[in-house]
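Q: Please take these sequences and the hints and turn them into a complete structure.
Chains as they are written, first to last, in my numbering: chain A, 7 to 128; chain B, 567 to 798.
No lab work stands behind these hints: they were computed from the structure.
Beta carbons: idealized from backbone N, C-alpha and C, even for Gly.
Misleading hints may appear alongside valid ones.
What the hints assert, rightly or not - Stretch-level coverage of chain B by chain A, calculated; a stretch enters the list once three of its residues show a Cβ under 8 Å from a Cβ in chain A: (1) 569 to 576; (2) 595 to 608; (3) 621 to 635.
To be verified - Among chain A residues calculated to face chain B with C-beta under 7 Å, some are: (4) Ile40; (5) Phe43; (6) Ile67; (7) Pro86; (8) Ala87.
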Amino acid sequence: MGVPISQILLTTGFLLVLIGFWGILRHRNILRIIIGFSLIDTGMHIVLVATGYITGGTAPIIDEALGIKEAATRTVDPIPAALVVTAIVIGFSVTAIMLSFAIRLHATRKTLSIDALTESRW
Amino acid sequence: MRRVFILLVVAGFGVIFAGLVTGYSERQALSALATFYLTEVPVDLGAANVVTGILISFRGFDTLGEVAVLFMVAASVGVILASEPGDKPLLLPAIGGKGQGPSELVRNGAEVVLPLIFLFGTYVIMNGHLSAGGGFQGGAVVASGVMLMMLAYPTGPLHHGFLTITETLAGVFYVSIGILGMVLAGGFLDSHILPRGEFGTLFSAGAIPLISMLLGIKVGAELSVIIDRFRN
Numbered sequence: 007m008g009v010p011i012s013q014i015l016l017t018t019g020f021l022l023v024l025i026g027f028w029g030i031l032r033h034r035n036i037l038r039i040i041i042g043f044s045l046i047d048t049g050m051h052i053v054l055v056a057t058g059y060i061t062g063g064t065a066p067i068i069d070e071a072l073g074i075k076e077a078a079t080r081t082v083d084p085i086p087a088a089l090v091v092t093a094i095v096i097g098f099s100v101t102a103i104m105l106s107f108a109i110r111l112h113a114t115r116k117t118l119s120i121d122a123l124t125e126s127r128w
Numbered sequence: 567m568r569r570v571f572i573l574l575v576v577a578g579f580g581v582i583f584a585g586l587v588t589g590y591s592e593r594q595a596l597s598a599l600a601t602f603y604l605t606e607v608p609v610d611l612g613a614a615n616v617v618t619g620i621l622i623s624f625r626g627f628d629t630l631g632e633v634a635v636l637f638m639v640a641a642s643v644g645v646i647l648a649s650e651p652g653d654k655p656l657l658l659p660a661i662g663g664k665g666q667g668p669s670e671l672v673r674n675g676a677e678v679v680l681p682l683i684f685l686f687g688t689y690v691i692m693n694g695h696l697s698a699g700g701g702f703q704g705g706a707v708v709a710s711g712v713m714l715m716m717l718a719y720p721t722g723p724l725h726h727g728f729l730t731i732t733e734t735l736a737g738v739f740y741v742s743i744g745i746l747g748m749v750l751a752g753g754f755l756d757s758h759i760l761p762r763g764e765f766g767t768l769f770s771a772g773a774i775p776l777i778s779m780l781l782g783i784k785v786g787a788e789l790s791v792i793i794d795r796f797r798n
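A: Listed below in structure tokens is the structure:
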């Protein structure tokens, strides 16, 4: 019995989030910032799914291997999985909007660096 | 200076996350809500895949809102990227008349792989209530096929109006099924309007396969519209 599965998943997810934070803070290129955001997003999804894991559980799909009677005792929590499907779509939408803004930015300023946007600094 | 600050911030978050991970003990039992879903979805709704059952039935209204979000994204990406008349286009035309076309490899590969991708997407959509998959996942597979098609045939047969009409019709039918659920069964998007059928077969689980199919068509069309907007 080594490290629990949910611990591994949580570590992976949080590491991705940290890499994303670093990418957002470190880089001035807006495309790299968007990639950082995507990493945070993906890491959060992994963390969410990891919280739904029950020790020894299997996928919540009823088939020959998993009867209706034992469904409630042998499966992982289906709710985080259902929520993450939603979250993935929202993440995709936000990324698409950000990318189109990046294209707009490049069209007006001829650069992808956020240093060009001085007037929106406070 | 800046670098030190960034390192401090990331390290701070790292400490917080490490505390969360070490303090987390793996769950041993399901919550009451999860147990309810796991017993109710197969027995009452007749869907073998509990996640699809939750998404389409219990959280059906949420899923409808999700699709609305996708629609708004497609529309707003179009608005943001729209170029005013007289301006030169924002994006370079994907493949101009004299530009370099897609390579032989991409075009031949697309001819082999595209039917398989679309078939797989349809399979994932249609079996959403039986095995892993569903409308969102299958729609994304179909949209990835559409993207490959756009790469292989830049001036290709895909018509923007066709996508928009498909998407609109799927949305209209989705809402109509929801309203039918209010009239014939317990509430908006209730899947009991169709017979439950035999558990584990393709035509079972009431209206869930139908809703899943409409959802798949709508998601696939919307994602294709978004990809298409980035193209021109």
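Q: Return the numbers of the hints above that this structure violates; sort them in rising order.
A: 4, 5 and 7
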